[in-house]
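Trainee: Sequence:
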Amino acid sequence: MIRFLHTADLHLDSPFKGITDMPITRLTELRESTFAAYEKLIHHAEKTTPDFVLIAGDIYDGEDRSLRAQMRFVKGLERLKRAEIPVFISHGNHDHLGGKWTRFQLPDNVTVFGPEVETAELVVHGQRIRIHGFSYKERHIKEAMIGRFPKSNREPGTIDIGMLHGSIAGEETHAVYAPFTTEALLEKGYQYWALGHIHKRQLLHNEPPIVYPGNLQGRHRNEQGVKGFYDVELELNQAALKFVPTSVLVFDEIEVDCKEISLANEWLIACQNTATEVVERNGSSILSVRNVKMSAEATHLFSGSSDDEWLEVLRESADPDVWFSELFVESQQRSSLSPESPLVRSVKEQMENWEEEDWRMVLQDVYQHARSGPYLFPLSSEMKEELRKEAGELISNELST
1 MIRFLHTADL HLDSPFKGIT DMPITRLTEL RESTFAAYEK LIHHAEKTTP DFVLIAGDIY
61 DGEDRSLRAQ MRFVKGLERL KRAEIPVFIS HGNHDHLGGK WTRFQLPDNV TVFGPEVETA
121 ELVVHGQRIR IHGFSYKERH IKEAMIGRFP KSNREPGTID IGMLHGSIAG EETHAVYAPF
181 TTEALLEKGY QYWALGHIHK RQLLHNEPPI VYPGNLQGRH RNEQGVKGFY DVELELNQAA
241 LKFVPTSVLV FDEIEVDCKE ISLANEWLIA CQNTATEVVE RNGSSILSVR NVKMSAEATH
301 LFSGSSDDEW LEVLRESADP DVWFSELFVE SQQRSSLSPE SPLVRSVKEQ MENWEEEDWR
361 MVLQDVYQHA RSGPYLFPLS SEMKEELRKE AGELISNELS T
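One point on numbering: in the UniProt record's numbering, the residue at position 172 of the sequence shown is 172, and numbering is uninterrupted.
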(Lines of atoms letter the chains of each structure in order from A; the text may use other names.)
(Lines give C-alpha, C1' and ligand atoms only; values in the text may rest on other atoms or scores of the structure.)
Protein backbone atom coordinates (compact mmCIF):
# COMPACT_ATOMS: atom_id res chain seq x y z
CA MET A 1 0.00 0.00 0.00
CA ILE A 2 1.14 3.55 -0.77
CA ARG A 3 -0.15 6.83 0.66
CA PHE A 4 -0.07 10.26 -0.95
CA LEU A 5 -1.71 13.68 -0.78
CA HIS A 6 -3.65 15.04 -3.75
CA THR A 7 -4.26 18.79 -3.93
CA ALA A 8 -4.89 21.36 -6.65
CA ASP A 9 -5.91 24.96 -7.25
CA LEU A 10 -4.05 26.60 -4.38
CA HIS A 11 -4.40 30.07 -5.97
CA LEU A 12 -1.83 31.50 -3.59
CA ASP A 13 -2.06 35.27 -3.03
CA SER A 14 -5.54 35.51 -4.55
CA PRO A 15 -6.54 39.22 -4.45
CA PHE A 16 -10.19 38.44 -3.53
CA LYS A 17 -11.43 40.94 -6.07
CA GLY A 18 -14.62 42.82 -5.31
CA ILE A 19 -14.44 42.28 -1.53
CA THR A 20 -13.70 45.74 -0.15
CA ASP A 21 -16.24 46.51 2.59
CA MET A 22 -14.74 44.35 5.35
CA PRO A 23 -12.94 45.77 8.38
CA ILE A 24 -9.20 45.77 7.80
CA THR A 25 -8.54 42.94 10.27
CA ARG A 26 -11.03 40.63 8.56
CA LEU A 27 -9.85 41.66 5.10
CA THR A 28 -6.26 40.92 6.07
CA GLU A 29 -7.30 37.49 7.35
CA LEU A 30 -9.12 36.81 4.09
CA ARG A 31 -6.19 37.88 1.92
CA GLU A 32 -3.85 35.66 3.95
CA SER A 33 -6.26 32.72 3.84
CA THR A 34 -4.78 31.01 0.76
CA PHE A 35 -1.37 30.98 2.46
CA ALA A 36 -2.89 29.73 5.73
CA ALA A 37 -4.67 26.92 3.86
CA TYR A 38 -1.39 25.96 2.17
CA GLU A 39 0.27 25.93 5.60
CA LYS A 40 -2.32 23.38 6.76
CA LEU A 41 -1.42 21.16 3.81
CA ILE A 42 2.30 21.36 4.58
CA HIS A 43 1.75 20.78 8.30
CA HIS A 44 -0.39 17.69 7.61
CA ALA A 45 2.33 16.31 5.31
CA GLU A 46 5.05 16.91 7.92
CA LYS A 47 2.96 15.27 10.62
CA THR A 48 1.80 12.21 8.65
CA THR A 49 4.74 11.77 6.19
CA PRO A 50 2.97 10.52 3.05
CA ASP A 51 5.02 8.76 0.39
CA PHE A 52 4.62 11.74 -1.96
CA VAL A 53 2.45 14.80 -2.75
CA LEU A 54 0.64 15.59 -6.03
CA ILE A 55 -0.20 19.22 -6.93
CA ALA A 56 -2.46 19.30 -10.01
CA GLY A 57 -2.16 22.86 -11.22
CA ASP A 58 -3.01 26.50 -10.48
CA ILE A 59 -0.60 26.94 -7.61
CA TYR A 60 -0.77 30.69 -8.18
CA ASP A 61 -3.71 32.94 -8.91
CA GLY A 62 -2.30 34.41 -12.12
CA GLU A 63 0.43 33.93 -14.68
CA ASP A 64 2.28 37.00 -13.35
CA ARG A 65 2.75 35.42 -9.94
CA SER A 66 3.97 37.57 -7.09
CA LEU A 67 7.39 37.17 -5.51
CA ARG A 68 5.67 36.78 -2.15
CA ALA A 69 3.54 33.88 -3.37
CA GLN A 70 6.52 32.13 -4.94
CA MET A 71 8.63 32.52 -1.82
CA ARG A 72 5.91 31.15 0.47
CA PHE A 73 5.32 28.22 -1.87
CA VAL A 74 9.02 27.33 -2.08
CA LYS A 75 9.42 27.52 1.70
CA GLY A 76 6.68 24.89 2.01
CA LEU A 77 8.44 22.67 -0.54
CA GLU A 78 11.70 23.00 1.41
CA ARG A 79 9.94 21.78 4.55
CA LEU A 80 8.72 18.74 2.60
CA LYS A 81 12.30 18.12 1.43
CA ARG A 82 13.49 18.09 5.04
CA ALA A 83 10.75 15.53 5.73
CA GLU A 84 11.99 13.53 2.68
CA ILE A 85 8.66 13.78 0.87
CA PRO A 86 8.77 13.92 -2.96
CA VAL A 87 6.46 16.41 -4.70
CA PHE A 88 5.08 16.22 -8.26
CA ILE A 89 3.70 19.36 -9.92
CA SER A 90 1.72 19.89 -13.10
CA HIS A 91 1.08 23.58 -13.84
CA GLY A 92 -2.37 24.64 -15.04
CA ASN A 93 -3.97 27.50 -16.94
CA HIS A 94 -3.44 30.10 -14.17
CA ASP A 95 0.22 29.25 -13.53
CA HIS A 96 1.26 28.10 -17.01
CA LEU A 97 4.90 27.86 -18.03
CA GLY A 98 4.69 30.88 -20.34
CA GLY A 99 3.87 33.31 -17.52
CA LYS A 100 6.17 36.18 -16.62
CA TRP A 101 7.78 35.77 -13.24
CA THR A 102 11.08 35.72 -11.39
CA ARG A 103 11.75 32.03 -10.98
CA PHE A 104 12.91 30.52 -7.69
CA GLN A 105 15.12 27.46 -7.49
CA LEU A 106 12.97 24.54 -6.38
CA PRO A 107 14.38 21.93 -3.97
CA ASP A 108 15.47 18.63 -5.50
CA ASN A 109 12.55 16.69 -4.00
CA VAL A 110 10.27 18.42 -6.55
CA THR A 111 9.47 17.15 -10.05
CA VAL A 112 7.77 19.62 -12.41
CA PHE A 113 6.22 18.16 -15.55
CA GLY A 114 7.03 19.91 -18.83
CA PRO A 115 4.68 20.96 -21.66
CA GLU A 116 4.55 17.44 -23.10
CA VAL A 117 3.13 14.44 -21.27
CA GLU A 118 5.95 12.85 -19.27
CA THR A 119 6.32 9.94 -16.88
CA ALA A 120 8.13 10.15 -13.55
CA GLU A 121 8.97 6.98 -11.65
CA LEU A 122 9.76 6.16 -8.05
CA VAL A 123 9.78 3.06 -5.87
CA VAL A 124 7.73 3.02 -2.66
CA HIS A 125 7.74 0.00 -0.34
CA GLY A 126 8.99 -2.14 -3.19
CA GLN A 127 6.27 -0.99 -5.55
CA ARG A 128 7.02 0.82 -8.78
CA ILE A 129 5.01 4.03 -9.11
CA ARG A 130 4.60 5.68 -12.50
CA ILE A 131 3.17 9.22 -12.44
CA HIS A 132 2.09 10.69 -15.79
CA GLY A 133 1.42 14.39 -16.36
CA PHE A 134 2.15 17.64 -18.17
CA SER A 135 2.17 21.39 -17.51
CA TYR A 136 0.34 24.02 -19.55
CA LYS A 137 2.74 25.68 -21.98
CA GLU A 138 0.34 28.64 -22.27
CA ARG A 139 -2.95 29.69 -20.73
CA HIS A 140 -5.37 28.31 -23.31
CA ILE A 141 -5.08 24.60 -24.07
CA LYS A 142 -8.14 23.46 -25.98
CA GLU A 143 -6.62 20.18 -27.16
CA ALA A 144 -7.74 16.93 -25.55
CA MET A 145 -4.35 16.12 -24.03
CA ILE A 146 -5.63 12.80 -22.71
CA GLY A 147 -4.74 11.24 -26.07
CA ARG A 148 -1.04 11.80 -25.32
CA PHE A 149 -1.06 9.87 -22.03
CA PRO A 150 0.40 6.36 -22.34
CA LYS A 151 -1.66 3.32 -21.47
CA SER A 152 -0.72 1.32 -18.41
CA ASN A 153 1.46 -1.65 -19.27
CA ARG A 154 -0.14 -3.58 -16.40
CA GLU A 155 3.18 -4.77 -15.03
CA PRO A 156 2.80 -6.72 -11.76
CA GLY A 157 3.52 -4.51 -8.75
CA THR A 158 3.29 -1.28 -10.77
CA ILE A 159 0.85 1.53 -9.98
CA ASP A 160 0.00 4.14 -12.62
CA ILE A 161 -1.28 7.58 -11.59
CA GLY A 162 -2.37 10.32 -13.98
CA MET A 163 -2.24 14.06 -13.25
CA LEU A 164 -4.51 16.22 -15.41
CA HIS A 165 -5.56 19.84 -15.00
CA GLY A 166 -8.65 20.12 -17.17
CA SER A 167 -12.40 19.70 -17.48
CA ILE A 168 -14.93 17.23 -18.76
CA ALA A 169 -15.77 17.77 -22.42
CA GLY A 170 -19.07 19.66 -22.63
CA GLU A 171 -18.84 21.01 -19.05
CA GLU A 172 -20.45 24.46 -19.06
CA THR A 173 -19.85 25.82 -15.55
CA HIS A 174 -16.11 26.45 -16.07
CA ALA A 175 -13.92 27.48 -18.97
CA VAL A 176 -13.04 24.26 -20.80
CA TYR A 177 -9.33 23.43 -20.94
CA ALA A 178 -7.65 20.13 -21.90
CA PRO A 179 -11.08 18.46 -22.19
CA PHE A 180 -11.54 14.77 -21.45
CA THR A 181 -14.23 12.16 -20.91
CA THR A 182 -14.40 9.73 -18.01
CA GLU A 183 -14.32 6.88 -20.52
CA ALA A 184 -11.06 8.19 -22.02
CA LEU A 185 -9.44 8.27 -18.57
CA LEU A 186 -10.59 4.75 -17.75
CA GLU A 187 -9.18 3.42 -21.02
CA LYS A 188 -5.66 4.27 -19.82
CA GLY A 189 -5.90 1.62 -17.10
CA TYR A 190 -4.49 3.80 -14.31
CA GLN A 191 -5.14 3.15 -10.63
CA TYR A 192 -5.80 6.84 -9.82
CA TRP A 193 -6.48 10.11 -11.66
CA ALA A 194 -5.45 13.28 -9.82
CA LEU A 195 -7.42 16.10 -11.42
CA GLY A 196 -7.37 19.87 -11.02
CA HIS A 197 -9.13 22.99 -12.42
CA ILE A 198 -12.66 22.51 -11.04
CA HIS A 199 -12.91 24.12 -7.60
CA LYS A 200 -15.78 21.95 -6.41
CA ARG A 201 -14.78 18.68 -4.75
CA GLN A 202 -15.98 15.80 -6.95
CA LEU A 203 -15.48 12.07 -7.29
CA LEU A 204 -16.12 11.32 -10.96
CA HIS A 205 -15.48 7.58 -10.62
CA ASN A 206 -14.93 5.19 -7.70
CA GLU A 207 -12.88 2.25 -8.96
CA PRO A 208 -10.45 3.50 -10.04
CA PRO A 209 -10.83 6.90 -8.35
CA ILE A 210 -11.06 9.91 -10.69
CA VAL A 211 -10.91 12.84 -8.33
CA TYR A 212 -11.20 16.62 -8.18
CA PRO A 213 -10.10 17.68 -4.68
CA GLY A 214 -11.39 21.24 -5.20
CA ASN A 215 -9.38 24.24 -4.08
CA LEU A 216 -7.77 24.73 -0.65
CA GLN A 217 -9.64 27.96 0.17
CA GLY A 218 -12.87 29.39 -1.23
CA ARG A 219 -12.42 32.82 -2.86
CA HIS A 220 -15.96 34.11 -3.33
CA ARG A 221 -19.59 33.20 -2.69
CA ASN A 222 -19.70 30.91 -5.74
CA GLU A 223 -17.08 28.69 -4.05
CA GLN A 224 -19.14 27.67 -1.06
CA GLY A 225 -18.47 25.08 1.59
CA VAL A 226 -15.41 23.64 3.31
CA LYS A 227 -12.36 23.27 1.06
CA GLY A 228 -9.32 21.02 1.37
CA PHE A 229 -7.37 18.10 -0.14
CA TYR A 230 -7.36 14.30 -0.16
CA ASP A 231 -5.13 11.94 1.81
CA VAL A 232 -5.16 8.78 -0.32
CA GLU A 233 -4.25 5.20 0.55
CA LEU A 234 -3.87 3.17 -2.62
CA GLU A 235 -3.30 -0.49 -3.42
CA LEU A 236 -3.39 -2.07 -6.85
CA ASN A 237 -7.14 -2.65 -6.79
CA GLN A 238 -8.37 -0.64 -3.82
CA ALA A 239 -8.31 3.00 -2.64
CA ALA A 240 -9.35 4.86 0.49
CA LEU A 241 -9.81 8.64 0.28
CA LYS A 242 -9.83 10.85 3.35
CA PHE A 243 -10.81 14.50 2.90
CA VAL A 244 -8.69 16.92 4.97
CA PRO A 245 -10.24 20.41 5.42
CA THR A 246 -8.02 23.48 5.09
CA SER A 247 -10.49 26.39 4.81
CA VAL A 248 -9.64 29.35 7.00
CA LEU A 249 -12.85 31.15 6.10
CA VAL A 250 -15.83 29.37 4.54
CA PHE A 251 -18.10 31.08 2.03
CA ASP A 252 -21.72 30.05 2.37
CA GLU A 253 -25.28 31.29 2.01
CA ILE A 254 -28.10 31.12 4.51
CA GLU A 255 -31.81 31.39 3.81
CA VAL A 256 -34.06 33.17 6.30
CA ASP A 257 -37.74 32.25 6.25
CA CYS A 258 -39.64 35.55 6.48
CA LYS A 259 -43.21 34.34 6.22
CA GLU A 260 -43.89 35.13 9.90
CA ILE A 261 -41.44 38.01 10.39
CA SER A 262 -42.80 41.50 10.88
CA LEU A 263 -40.27 43.03 13.32
CA ALA A 264 -36.59 43.84 12.85
CA ASN A 265 -35.42 42.02 15.97
CA GLU A 266 -37.23 38.84 14.86
CA TRP A 267 -35.23 38.90 11.64
CA LEU A 268 -31.94 39.60 13.41
CA ILE A 269 -32.46 36.65 15.77
CA ALA A 270 -33.37 34.36 12.85
CA CYS A 271 -30.19 35.38 10.99
CA GLN A 272 -28.01 34.91 14.06
CA ASN A 273 -29.45 31.48 14.88
CA THR A 274 -28.95 30.20 11.34
CA ALA A 275 -25.45 31.66 11.15
CA THR A 276 -24.51 29.98 14.45
CA GLU A 277 -25.46 26.60 12.98
CA VAL A 278 -23.19 27.22 9.98
CA VAL A 279 -20.25 28.30 12.17
CA GLU A 280 -20.62 25.25 14.40
CA ARG A 281 -20.46 23.08 11.29
CA ASN A 282 -17.83 24.91 9.21
CA GLY A 283 -15.95 27.35 11.43
CA SER A 284 -15.43 31.05 10.63
CA SER A 285 -17.66 31.98 7.73
CA ILE A 286 -18.50 34.69 5.23
CA LEU A 287 -22.23 34.48 4.65
CA SER A 288 -24.66 35.80 2.10
CA VAL A 289 -28.19 36.19 3.48
CA ARG A 290 -31.21 35.46 1.32
CA ASN A 291 -34.65 36.42 2.62
CA VAL A 292 -37.22 33.92 1.31
CA LYS A 293 -40.98 33.38 1.63
CA MET A 294 -41.58 37.09 2.06
CA SER A 295 -44.98 37.87 3.60
CA ALA A 296 -46.71 41.19 3.06
CA GLU A 297 -45.59 42.26 6.55
CA ALA A 298 -41.97 41.32 5.84
CA THR A 299 -42.04 43.10 2.49
CA HIS A 300 -43.35 46.24 4.20
CA LEU A 301 -40.69 45.91 6.93
CA PHE A 302 -37.78 45.74 4.52
CA SER A 303 -39.11 48.48 2.27
CA GLY A 304 -38.54 50.97 5.10
CA SER A 305 -34.72 50.91 4.80
CA SER A 306 -32.14 50.07 2.17
CA ASP A 307 -30.51 46.65 1.96
CA ASP A 308 -27.19 48.28 2.92
CA GLU A 309 -28.71 49.60 6.16
CA TRP A 310 -30.16 46.19 7.06
CA LEU A 311 -26.80 44.59 6.33
CA GLU A 312 -24.98 47.14 8.51
CA VAL A 313 -27.28 46.46 11.45
CA LEU A 314 -26.87 42.71 10.99
CA ARG A 315 -23.09 43.03 11.00
CA GLU A 316 -23.14 45.00 14.24
CA SER A 317 -25.06 42.22 15.97
CA ALA A 318 -23.03 39.37 14.46
CA ASP A 319 -20.90 36.75 16.17
CA PRO A 320 -17.13 37.41 15.83
CA ASP A 321 -16.77 34.30 13.65
CA VAL A 322 -19.24 35.59 11.03
CA TRP A 323 -19.07 38.28 8.40
CA PHE A 324 -22.28 38.98 6.51
CA SER A 325 -21.27 39.91 2.99
CA GLU A 326 -24.50 40.44 1.06
CA LEU A 327 -28.26 40.58 1.50
CA PHE A 328 -30.76 39.40 -1.08
CA VAL A 329 -34.47 40.00 -0.58
CA GLU A 330 -36.67 37.70 -2.58
CA SER A 331 -39.71 39.40 -4.04
CA GLN A 332 -43.18 37.97 -3.51
CA GLN A 333 -43.43 37.35 -7.24
CA ARG A 334 -40.63 34.84 -7.56
CA SER A 335 -38.66 34.80 -10.78
CA SER A 336 -38.88 31.57 -12.77
CA LEU A 337 -35.09 31.68 -12.97
CA SER A 338 -33.17 31.82 -9.71
CA PRO A 339 -30.13 34.10 -9.53
CA GLU A 340 -28.18 30.95 -8.67
CA SER A 341 -29.64 28.75 -11.43
CA PRO A 342 -27.14 26.70 -13.46
CA LEU A 343 -27.45 29.10 -16.40
CA VAL A 344 -26.85 32.25 -14.36
CA ARG A 345 -24.06 30.60 -12.37
CA SER A 346 -22.41 29.40 -15.58
CA VAL A 347 -22.35 32.91 -17.05
CA LYS A 348 -20.93 34.46 -13.86
CA GLU A 349 -18.27 31.77 -13.44
CA GLN A 350 -17.22 32.16 -17.07
CA MET A 351 -16.80 35.90 -16.45
CA GLU A 352 -14.74 35.19 -13.31
CA ASN A 353 -12.21 33.36 -15.50
CA TRP A 354 -11.84 36.26 -17.94
CA GLU A 355 -8.41 37.80 -18.30
CA GLU A 356 -7.80 41.45 -19.24
CA GLU A 357 -7.79 40.55 -22.93
CA ASP A 358 -11.25 38.98 -22.59
CA TRP A 359 -12.67 42.10 -20.92
CA ARG A 360 -11.12 44.32 -23.59
CA MET A 361 -12.59 42.21 -26.37
CA VAL A 362 -16.11 42.23 -24.90
CA LEU A 363 -16.11 45.96 -24.05
CA GLN A 364 -14.08 47.27 -26.97
CA ASP A 365 -17.09 48.86 -28.68
CA VAL A 366 -17.81 50.93 -25.56
CA TYR A 367 -14.23 51.93 -24.70
CA GLN A 368 -13.27 52.63 -28.30
CA HIS A 369 -16.35 54.70 -29.06
CA ALA A 370 -15.31 58.18 -30.20
CA ARG A 371 -17.78 59.97 -27.92
CA SER A 372 -18.00 57.79 -24.80
CA GLY A 373 -14.50 56.28 -24.68
CA PRO A 374 -12.56 59.37 -23.50
CA TYR A 375 -14.89 59.85 -20.52
CA LEU A 376 -14.80 56.29 -19.14
CA PHE A 377 -12.70 55.28 -16.14
CA PRO A 378 -10.34 52.27 -16.45
CA LEU A 379 -12.14 49.04 -15.63
CA SER A 380 -11.39 48.27 -11.95
CA SER A 381 -11.84 45.01 -10.05
CA GLU A 382 -14.90 46.47 -8.32
CA MET A 383 -16.46 47.45 -11.66
CA LYS A 384 -15.88 43.94 -13.03
CA GLU A 385 -17.54 42.37 -9.99
CA GLU A 386 -20.53 44.70 -10.42
CA LEU A 387 -20.80 43.76 -14.10
CA ARG A 388 -20.86 40.07 -13.15
CA LYS A 389 -23.71 40.66 -10.71
CA GLU A 390 -25.67 42.75 -13.20
CA ALA A 391 -25.20 40.10 -15.90
CA GLY A 392 -26.75 37.46 -13.63
CA GLU A 393 -29.63 39.73 -12.67
CA LEU A 394 -30.24 40.69 -16.29
CA ILE A 395 -30.49 37.06 -17.39
CA SER A 396 -32.85 36.25 -14.50
CA ASN A 397 -35.10 39.21 -15.25
CA GLU A 398 -35.20 38.74 -19.00
CA LEU A 399 -36.02 35.03 -18.89
CA SER A 400 -38.72 35.46 -16.25
CA THR A 401 -40.77 37.96 -18.29
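Hints should not be assumed to be uniformly reliable.
To be verified - Derived CB-CB ranges, DEER-like: (1) GLY304 x ILE24: 27 to 33 angstroms; (2) ALA144 x LYS200: 37 to 43 angstroms; (3) HIS43 x ASN265: 39 to 45 angstroms; (4) GLU277 x GLU32: 23 to 29 angstroms; (5) PRO320 x LEU236: 45 to 51 angstroms; (6) LYS242 x THR182: 19 to 25 angstroms; (7) HIS43 x TRP354: 33 to 39 angstroms; (8) TRP354 x ASN237: 42 to 48 angstroms; (9) GLU32 x TRP359: 24 to 30 angstroms; (10) PRO320 x HIS300: 29 to 35 angstroms.
If you are wondering where the hints come from, they were derived from the structure by calculation, not from laboratory data. Beta carbons are placed, not taken as given, at the ideal position from N, Cα and C, and that holds for glycine.
Trainee: Taking the CB of PRO320 and the CB of LEU236, does the distance hold inside 45 to 51 angstroms?
Mentor: holds, 49 angstroms
Trainee: That 37 to 43 angstroms hint for ALA144 and LYS200 (C-beta), does it hold up?
Mentor: violated, 22 angstroms
Trainee: Quick one: are PRO320 and HIS300 within 29 to 35 angstroms, going by C-beta?
Mentor: Since the Cβ atoms of PRO320 and HIS300 sit about 32 angstroms apart, the hinted range of 29 to 35 angstroms holds.
Trainee: Looking only at beta-carbon atoms, does the pair GLU32, TRP359 fall within the given range of 24 to 30 angstroms?
Mentor: holds, 27 angstroms
Trainee: Is it true that the C-beta distance of GLY304 to ILE24 lies inside 27 to 33 angstroms, as the hint says?
Mentor: With a Cβ separation near 31 angstroms, GLY304 and ILE24 satisfy 27 to 33 angstroms, so the hint holds.
Trainee: CB of GLU277 to CB of GLU32, is that within 23 to 29 angstroms?
Mentor: The hint (23 to 29 angstroms, Cβ to Cβ) holds, given that GLU277 and GLU32 are roughly 26 angstroms apart.
Trainee: Confirm or reject the claim that HIS43 and TRP354 have a C-beta distance inside 33 to 39 angstroms.
Mentor: holds, 35 angstroms
Trainee: Take the C-beta atom of LYS242 and the C-beta atom of THR182, compute their distance, and say whether it sits inside 19 to 25 angstroms.
Mentor: At roughly 23 angstroms between Cβ atoms, THR182 and LYS242 fall inside 19 to 25 angstroms, so the hint holds.
Trainee: Falls inside 39 to 45 angstroms, the C-beta gap from HIS43 to ASN265?
Mentor: holds, 43 angstroms
Trainee: Taking the CB of TRP354 and the CB of ASN237, does the distance hold inside 42 to 48 angstroms?
Mentor: At roughly 43 angstroms between Cβ atoms, ASN237 and TRP354 fall inside 42 to 48 angstroms, so the hint holds.
When the structure is compared with the earlier hints, a violation turns up for hint 2 alone.
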